[in-house]
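Engineer: Residues per chain are reported as follows:
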Amino acid sequence: MKESALKNAEAAVQKAAAALQKTAAALQETATDLLAQKAVDLVIGYGRSSGGDVVPLFVGRVEEAQALEWNQHCTYNLVRYLTDPEVIGSFGSNRGAKKIKSGAGMEEATAKGAGKAEAVAGKVAVVVKGCDLKSLMVLQSENQLRRERLTVIGLPCPGVTDEAGRVLAKCESCPPEVYNPRKELCDLIIGEPVQRPAGEPLSNPDNQDSTYRDVERIDALNPAERRELWDNYFARCLRCYACRNVCPLCYCKECVFDQHDPRWVSPAAAVASNRSFHLIRAYHLAGRCVDCGECERACPVGIPLRRINRKAAKVVEESFHFRAGLDPEAKSPLVVFANEDPEEFIE
Amino acid sequence: MRILERKTLTDLLKSRLADSQIIAPVEVEGRLYFQQLDPRKGLADLAWPAADQPSGDSAPGAGSESSDSPNVTPAVDPLTVNSIKEFFFPRRQELYEQTPEGIIPRPVAAEKKTLLIFARPCDARGLTILDRVFLGEVQDESYRRARQGTTVVGLHCLQPDRHCFCTSLGGGPFETEGMDLALAPLGGERFLAQAVTEKGEALLASLAGKQAGEAEREITEKLRKVAEAAIKRSIQVPDPQTMAKHFDSPYWGEVSRACLTCGICSYLCPTCHCFDIVDEGYLRLRCWDTCSSDTFTRTAAGEDHRKQKRSRYRQRIYHKFSYFNENFDTHSCVGCGRCTRHCPVKIDIVEIVNGIGEAAAVGRPAMAGRPEAAGRPATGTGAKRRRSGGKG
Numbered sequence: 001m002k003e004s005a006l007k008n009a010e011a012a013v014q015k016a017a018a019a020l021q022k023t024a025a026a027l028q029e030t031a032t033d034l035l036a037q038k039a040v041d042l043v044i045g046y047g048r049s050s051g052g053d054v055v056p057l058f059v060g061r062v063e064e065a066q067a068l069e070w071n072q073h074c075t076y077n078l079v080r081y082l083t084d085p086e087v088i089g090s091f092g093s094n095r096g097a098k099k100i101k102s103g104a105g106m107e108e109a110t111a112k113g114a115g116k117a118e119a120v121a122g123k124v125a126v127v128v129k130g131c132d133l134k135s136l137m138v139l140q141s142e143n144q145l146r147r148e149r150l151t152v153i154g155l156p157c158p159g160v161t162d163e164a165g166r167v168l169a170k171c172e173s174c175p176p177e178v179y180n181p182r183k184e185l186c187d188l189i190i191g192e193p194v195q196r197p198a199g200e201p202l203s204n205p206d207n208q209d210s211t212y213r214d215v216e217r218i219d220a221l222n223p224a225e226r227r228e229l230w231d232n233y234f235a236r237c238l239r240c241y242a243c244r245n246v247c248p249l250c251y252c253k254e255c256v257f258d259q260h261d262p263r264w265v266s267p268a269a270a271v272a273s274n275r276s277f278h279l280i281r282a283y284h285l286a287g288r289c290v291d292c293g294e295c296e297r298a299c300p301v302g303i304p305l306r307r308i309n310r311k312a313a314k315v316v317e318e319s320f321h322f323r324a325g326l327d328p329e330a331k332s333p334l335v336v337f338a339n340e341d342p343e344e345f346i347e
Numbered sequence: 001m002r003i004l005e006r007k008t009l010t011d012l013l014k015s016r017l018a019d020s021q022i023i024a025p026v027e028v029e030g031r032l033y034f035q036q037l038d039p040r041k042g043l044a045d046l047a048w049p050a051a052d053q054p055s056g057d058s059a060p061g062a063g064s065e066s067s068d069s070p071n072v073t074p075a076v077d078p079l080t081v082n083s084i085k086e087f088f089f090p091r092r093q094e095l096y097e098q099t100p101e102g103i104i105p106r107p108v109a110a111e112k113k114t115l116l117i118f119a120r121p122c123d124a125r126g127l128t129i130l131d132r133v134f135l136g137e138v139q140d141e142s143y144r145r146a147r148q149g150t151t152v153v154g155l156h157c158l159q160p161d162r163h164c165f166c167t168s169l170g171g172g173p174f175e176t177e178g179m180d181l182a183l184a185p186l187g188g189e190r191f192l193a194q195a196v197t198e199k200g201e202a203l204l205a206s207l208a209g210k211q212a213g214e215a216e217r218e219i220t221e222k223l224r225k226v227a228e229a230a231i232k233r234s235i236q237v238p239d240p241q242t243m244a245k246h247f248d249s250p251y252w253g254e255v256s257r258a259c260l261t262c263g264i265c266s267y268l269c270p271t272c273h274c275f276d277i278v279d280e281g282y283l284r285l286r287c288w289d290t291c292s293s294d295t296f297t298r299t300a301a302g303e304d305h306r307k308q309k310r311s312r313y314r315q316r317i318y319h320k321f322s323y324f325n326e327n328f329d330t331h332s333c334v335g336c337g338r339c340t341r342h343c344p345v346k347i348d349i350v351e352i353v354n355g356i357g358e359a360a361a362v363g364r365p366a367m368a369g370r371p372e373a374a375g376r377p378a379t380g381t382g383a384k385r386r387r388s389g390g391k392g
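Protein chains in written order, with this note's numbering: chain A, 1 to 347; chain B, 1 to 392.
Rather than coming from a laboratory, the hints here were simulated on the basis of the structure.
Treat the hints loosely; a few may be bogus.
[Stated by the list, open to error] Below are the DSS-like pairs computed for lysine-lysine, each with C-alpha atoms no more than 27 Å apart in a straight line:
id	chain 1	residue 1	chain 2	residue 2
1	A	K331	A	K314
2	B	K41	B	K113
3	B	K307	A	K253
4	A	K183	A	K15
5	A	K123	B	K307
6	A	K183	A	K22
[Claimed, not checked] Derived Cβ-Cβ restraints for the label pairs, each shown as a range:
id	chain 1	residue 1	chain 2	residue 2	range
7	A	E148	B	D248	31 to 39 Å
8	B	P240	A	E329	51 to 59 Å
9	B	R6	A	Q195	49 to 57 Å
Ideal Cβ placement from N, Cα and C applies to all residues, glycine included.
Please model the entire structure based on the sequences and the hints provided.
Structural biologist: Laid out in structure tokens, this is it:
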């Protein structure tokens, strides 16, 4: 019995791998076409380093499109690069792309980053998984993207794994309408819809059944226990800022933690300043974080950062019946006023 | 060379817990970290080296030279996340305090008897590189005291992984540079101990253990060969002229494009030693800093001399493989692989350095799917990689 179950599991894995391979080939073809027809100047996808690791790949030439990959190790949220002036800027500049006067969003950043009088930027295609797409929705709702310059390539995702081959926790609760990117939010969808054990549905934001079990476990502790738990984690923090820098929604041109004068929070790693860093960051992401999980994945010392952001998400959801990243038009409840907003805090 | 039973080491550590600090690998939620052991908990946290054989799929002949104990597969990455540098060059160090009576320097901590156990050869060698900086013409008193008070008991490395490349930088899984006493695991219960310095000799003399025979030497020699063979990557640092020539190459923009400019590579690096001087209220302190951050070169007036991440990433490479070599006759890299292993987007330092000579000339990185750069080493995982036919 056991053996046959194992064989079934192996067969399923092989089948999934074959499907991924097929999607990768289709992706390469699409990227080739987009570049050859000059529909885009850059494709941001996944490739592989000579050391054998999956890496973000920036494809600007037709002949490089063959290096694009799609497999279960494609964990990175590439939406992060859409607000990076050195990624967007460098490609526009030598591709003969049309010049765009500096303005809002990435163009202005390009001008600053490249130190040029006039920003030059071309069109960009980006490969997204459903979870990544949610962060793109938030960027769009916050006017950080020129959507017309962007070709969003959605890939149905069977779930991604860490290096040891374990499926990431965020994937386990991922619902079908996320892991199969919605057509109306993408420009292209490559690959067949994926079927996998269903997670809990996100489509109804009022559905408040226990999707936040991890948060509830911590909520159940008393304040002293919670403090001890988190301070133990924060004591490890190196203040490398990987969590902030990998975050697609941490796009501030000057982060409060980088300001020198005044220096709001000491950059030296110690429990008190580390605690300030993580909690301030959580506040800045409240109502915006889409739980793409990149912060937690990037953290070299294993701080469970998703739990902090999910706590904020839970509060926002309970107070405002809002989940971030599902609608490109929806503004975070913390940046808009509505008559029906709860006012319990005014006594 | 002597053979030490595990119990001998356990007894040593137990007795030292009372009167000195012990720094050792500790497992926390599936990852290993070097930490100071809490004397109240005894040796409960100490992560003993588990496997007695080179691990990983890339180790040829793994298991064939088995000694007398079963081959244990460790549940965790056998390499610690952090290096041992923070025990000599702390993340945060108070220097002065401003008081109504004036500026009072913080006293430098007194020399503390410390036993640092199971340092890997790469980490131990990292100390000798930090020594060049902190114990050169100007001596850093707190670093000097920490170094002097610490006995480094190293552990030969049987578990290099696919990101390791120490052998191409003059190190090796059985090298002893930077250690006082070196231990080679002979199965899970015995170690072959070799004194490297006088400090190590004194320590070894205080321990009971029979002299090693030819058999143990042979086993160790075999393990050394297997461990060395398990290291598949090799960094080929170009000569200084080549480095200088490609300083302005567009290559740096290409290879740093994915960089998130976080500080993981610097902060986990056993040899990165840049720091910032900052004020916390009335305290002035020294803390780690990283050249990847755009605040690193920002002046008080707000001007930033390395605005772009390409120039910051280039600085990291040139500091390690050009400037440091000019000043100290060695590269500031021991090939531990942490910068790539823990990089959130797996920026590959070996690939980038190896590409300087050839690819920098044309301004493009050598990546999978692209033409092979000359001198690029064969990689262990290379054969498994899907080769695609890019002609670019």
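Engineer: All hints, please: hold or fail.
Structural biologist: A quick look at each hint next to the structure:
1. Among the hinted pairs, K331(A) with K314(A) is consistent with the structure: their alpha-carbon atoms are about 17 Å apart, no more than 27 Å.
2. Using a Cα cut-off of 27 Å, the hinted pair K41(B) and K113(B) holds, with the two alpha carbons roughly 19 Å apart.
3. Using a Cα cut-off of 27 Å, the hinted pair K307(B) and K253(A) holds, with the two alpha carbons roughly 12 Å apart.
4. Restraint check for K183(A) and K15(A): satisfied, since their Cα atoms lie roughly 24 Å apart, inside the 27 Å limit.
5. A distance of roughly 24 Å separates the Cα atoms of K123(A) and K307(B); the hinted pair therefore holds under the 27 Å criterion.
6. For the given pair, K183(A) sits about 20 Å from K22(A) by alpha-carbon distance, which is consistent with the 27 Å threshold.
7. Checked against the hint of 31 to 39 Å, the pair E148(A) and D248(B) passes, with Cβ atoms roughly 35 Å apart.
8. As the Cβ distance of P240(B) to E329(A) is approximately 57 Å, the hint placing it in 51 to 59 Å holds.
9. Under the hint 49 to 57 Å, the C-beta atoms of R6(B) and Q195(A), about 51 Å apart, fit the expected range.
No hint from the list above goes unmet by this structure.
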